[in-house]
Amino acid sequence: MRLSLTSRLSVISALLPALMVMLVVYIGATSWTAWMSLTNSRMLPNNNFVGLRQYQLLFTNDRWITSVHNIVIYGVLFVSLALLIGFLLAVAIDQRVRAEDTIRSIYLYPYSMSFVVTGLVWQWLLNPTLGIQYVLRSWGFAGASFDWIVRPETAIYCLVIAGVWQASGLVMAIMLAGLRGIDDEIWKAARVDGLPKWRVYVSIIIPMMGASFATAAVLLSTAVVRLYDLAVSMTNGGPGIASEVPAKFVMDHLFERANIGLATAAATTMLITVIAVVAPYLYWRARKGELR
Amino acid sequence: MTALAQSLPVARPRKRMTPARWGLYAFILITALYFLLPLYVMIVTSLKPMAEIRQGNLLALPMSPSVDAWIKAWTSACTGLTCEGIRVGFFNSLRILVPSVVISIAVGSLTGYALSLWRVRGANILFGAMMIVAFIPYQVFIYPLVRVFSFAGLGQSLVTIVTIHTIFGLPTMTLLFRNYFTSLPVELFKAARIDGAGFYQIYARIMMPMATPMIVVAVILQTTGIWNDFILGLVFAGRDNLPMTVQLNNIVNSTQGERAYNVDMAATLLTALLPLVIYFGSGRWFVRGIAAGAVKG
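Protein chains in written order, with the numbering used here: chain A, 32 to 323; chain B, 16 to 312.
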């Protein structure tokens with residue numbers, strides 16, 4: 032069907048916002064950020080080209096090194112624990128249990144709440160004077176110690192606990208859909224062969240659920256790079272700089288420490304990391320034709 | 016990803032109880048308690064007076080439950096300099112939420128419609144690019160956008176934050192509606208074209224009325240997403256419009272002197288209330304929203 036002039040104008044007018052957003056916000060803002068990272072801008076942006084000087088400063092900056100170190104710990108633990116727990120929850124629910132709807136709602140409700148709420152609740156639960164540590168001691172475990180949130184070397188693990196609590200339900204929902212999509216014939220064949228159930232899961236089902244695992248892993252990974260609200264509300268990067276994360280590093284240097292050059296160098300580094308993770312995944316999905 | 020939504024309703028016949036089944040139910044019970052623990056602690060803490068919190072057990076039920084902390088959290092808790100409670104943030108969030116949800120869905124559905132049913136050159140490139148940027152961290156865009164809005168004379172304001180939510184909601188909303196319109200029978204669209212209906216007529220009279228289920232999903236997705244937003248509200252809303260999540264963080268984390276944990280938890284619950292109501296009220300629709308928005312994350 033050939034489009035008349037009016038139809039063509041209508042289509043263009045409808046796509047104008049999307050085009051504007053693409054050009055101005057995404058392409059424009061990204062290039063500007065990348066350019067700023069090559070200048071010595073401090074409180075106000077300037078165009079004094081300094082090459083990769085900011086990146087040099089960035090990777091000798093203690094706060095940034097700690098941030099990167101933390102995000103690696105958080106990322107590895109958060110993604111693997113959420114995948115593991117989410118998968119186990121899905122398998123449990125898939126055993127034709129009673130009250131399935133209620134159980135699923137309980138596993139998933141944390142995902143509906145904001146990171147700020149999650150961070151504040153867990154900050155209270157992990158409070159060393161009145162939180163879980165106190166409960167354990169009052170139950171007779173006199174030497175029980177659970178003061179991770181106030182110790183620099185363990186504070187980052189507290190963010191993992193809260194993050195996993197919030198995200199496992201999402202993984203469960205994705206995994207459950209994957210499990211329900213598996214043909215019953217496979218289960219029948221495995222039963223005929225006399226395979227124990229756990230063997231079927233490990234050797235047959237998990238390899239078949241590559242797509243579910245990939246989707247969940249990519250979702251969780253992008254959440255890792257964005258980790259900000261949780262760190263701000265739960266520990267605010269502390270004690271000291273012990274639980275700083277890259278997103279917070281960028282925000283602090285943009286708005287409090289007036290160092291635009293360094294902040295944009297950090298943001299650009301984050302961008303490159305994300306592209307390295309997401310591009311292969313999107314390519315893979317596009318080839319599978321799932322995006323169209 | 017639509018398989019996720021459709022496959023959930025399947026319920027299989029139940030089995031008899033065996034030792035393995037008891038183990039299974041024990042696992043489910045323990046994990047369910049772990050997931051419920053924070054919600055339970057939030058509720059009991061918010062109902063206890065401070066004296067009880069100071070000497071009592073975190074898990075104990077309140078001996079003399081009172082809603083004082085709730086009233087204080089709502090009307091007089093301090094967020095930095097002012098002490099007018101979390102209600103200020105609640106109404107700010109509401110004022111941000113309503114226009115943001117309406118406008119982002121309107122723009123997203125129109126974009127999805129134009130990209131799905133109309134043959135436009137470069138449509139796939141535009142769509143693919145939008146899917147990629149949905150993954151990029153906000154930190155990359157934030158500072159240039161601050162400059163653009165202050166250059167445009169908007170600065171930090173309600174208009175700014177609504178525009179921002181529309182911009183960052185666009186990829187997900189477009190994806191949602193594009194996929195839905197693609198799944199509709201093409202004959203419907205062709206018949207309307209032959210009858211002489213124009214671009215916007217088909218959108219308003221035929222496509223949007225048929226997209227009601229997607230609109231419900233989009234509303235749930237955007238409402239929870241925008242309500243739970245912290246970073247965008249913090250940067251773009253301006254001091255007079257700070258959303259509830261930002262106010263909550265200020266109440267809890269900028270207190271001088273002894274912390275009023277009961278007030279903190281009441282304020283936290285109040286902030287979580289709307290998403291929780293939507294979640295428990297909408298049931299499977301929420302899961303559909305997650306499935307549809309899964310690409311964004």
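In case anyone wonders, no lab produced these hints; they're calculated from the structure. Be careful, since some hints might not be right.
[As the list claims (entries may be wrong)] When the alpha-carbon atoms are kept at most 25 angstroms apart in a straight line, the in silico SDA-like pairs for lysine to any residue are as follows: (1) B:Lys205 to B:Met223; (2) A:Lys228 to B:Leu39; (3) A:Lys228 to B:Tyr40; (4) B:Lys87 to B:Phe106; (5) B:Lys87 to B:Met223; (6) A:Lys219 to A:Thr160; (7) B:Lys205 to B:Gly38; (8) B:Lys87 to B:Ala219; (9) B:Lys87 to B:Lys205; (10) A:Lys228 to A:Asp215; (11) A:Lys219 to B:Leu62; (12) A:Lys228 to B:Pro64; (13) B:Lys87 to A:Asn158; (14) A:Lys228 to A:Gly212; (15) B:Lys205 to A:Leu40; (16) A:Lys228 to A:Thr253; (17) A:Lys219 to B:Leu39; (18) B:Lys205 to A:Gly212; (19) A:Lys219 to B:Thr33; (20) B:Lys87 to B:Pro64; (21) A:Lys219 to B:Phe106; (22) B:Lys87 to A:Asp215; (23) A:Lys228 to B:Arg69; (24) A:Lys219 to B:Asp83; (25) B:Lys205 to A:Leu210; (26) A:Lys228 to B:Thr270; (27) A:Lys228 to B:Leu289; (28) B:Lys87 to B:Tyr215; (29) B:Lys87 to B:Leu74; (30) A:Lys219 to A:Val128; (31) B:Lys205 to A:Ile217; (32) A:Lys228 to B:Ala47; (33) A:Lys219 to B:Lys87; (34) A:Lys228 to B:Ser269; (35) B:Lys205 to A:Val42; (36) A:Lys228 to A:Ile217; (37) A:Lys228 to B:Leu74; (38) B:Lys205 to A:Val128; (39) A:Lys219 to B:Asn268.
Hint check results:
no. : hint                 : result
1   : B:Lys205 to B:Met223 : holds, 16 angstroms
2   : A:Lys228 to B:Leu39  : holds, 13 angstroms
3   : A:Lys228 to B:Tyr40  : holds, 17 angstroms
4   : B:Lys87 to B:Phe106  : holds, 16 angstroms
5   : B:Lys87 to B:Met223  : violated, 44 angstroms
6   : A:Lys219 to A:Thr160 : violated, 54 angstroms
7   : B:Lys205 to B:Gly38  : violated, 57 angstroms
8   : B:Lys87 to B:Ala219  : violated, 47 angstroms
9   : B:Lys87 to B:Lys205  : violated, 60 angstroms
10  : A:Lys228 to A:Asp215 : holds, 14 angstroms
11  : A:Lys219 to B:Leu62  : violated, 53 angstroms
12  : A:Lys228 to B:Pro64  : violated, 51 angstroms
13  : B:Lys87 to A:Asn158  : holds, 22 angstroms
14  : A:Lys228 to A:Gly212 : holds, 18 angstroms
15  : B:Lys205 to A:Leu40  : holds, 19 angstroms
16  : A:Lys228 to A:Thr253 : violated, 33 angstroms
17  : A:Lys219 to B:Leu39  : holds, 21 angstroms
18  : B:Lys205 to A:Gly212 : violated, 34 angstroms
19  : A:Lys219 to B:Thr33  : holds, 20 angstroms
20  : B:Lys87 to B:Pro64   : holds, 12 angstroms
21  : A:Lys219 to B:Phe106 : violated, 56 angstroms
22  : B:Lys87 to A:Asp215  : violated, 56 angstroms
23  : A:Lys228 to B:Arg69  : violated, 49 angstroms
24  : A:Lys219 to B:Asp83  : violated, 59 angstroms
25  : B:Lys205 to A:Leu210 : violated, 38 angstroms
26  : A:Lys228 to B:Thr270 : violated, 54 angstroms
27  : A:Lys228 to B:Leu289 : violated, 41 angstroms
28  : B:Lys87 to B:Tyr215  : violated, 50 angstroms
29  : B:Lys87 to B:Leu74   : holds, 22 angstroms
30  : A:Lys219 to A:Val128 : holds, 19 angstroms
31  : B:Lys205 to A:Ile217 : violated, 42 angstroms
32  : A:Lys228 to B:Ala47  : holds, 23 angstroms
33  : A:Lys219 to B:Lys87  : violated, 60 angstroms
34  : A:Lys228 to B:Ser269 : violated, 52 angstroms
35  : B:Lys205 to A:Val42  : holds, 16 angstroms
36  : A:Lys228 to A:Ile217 : holds, 12 angstroms
37  : A:Lys228 to B:Leu74  : violated, 38 angstroms
38  : B:Lys205 to A:Val128 : violated, 47 angstroms
39  : A:Lys219 to B:Asn268 : violated, 56 angstroms
Checked against the numbered hints above, the structure breaks hints 5, 6, 7, 8, 9, 11, 12, 16, 18, 21, 22, 23, 24, 25, 26, 27, 28, 31, 33, 34, 37, 38 and 39 and satisfies the rest.
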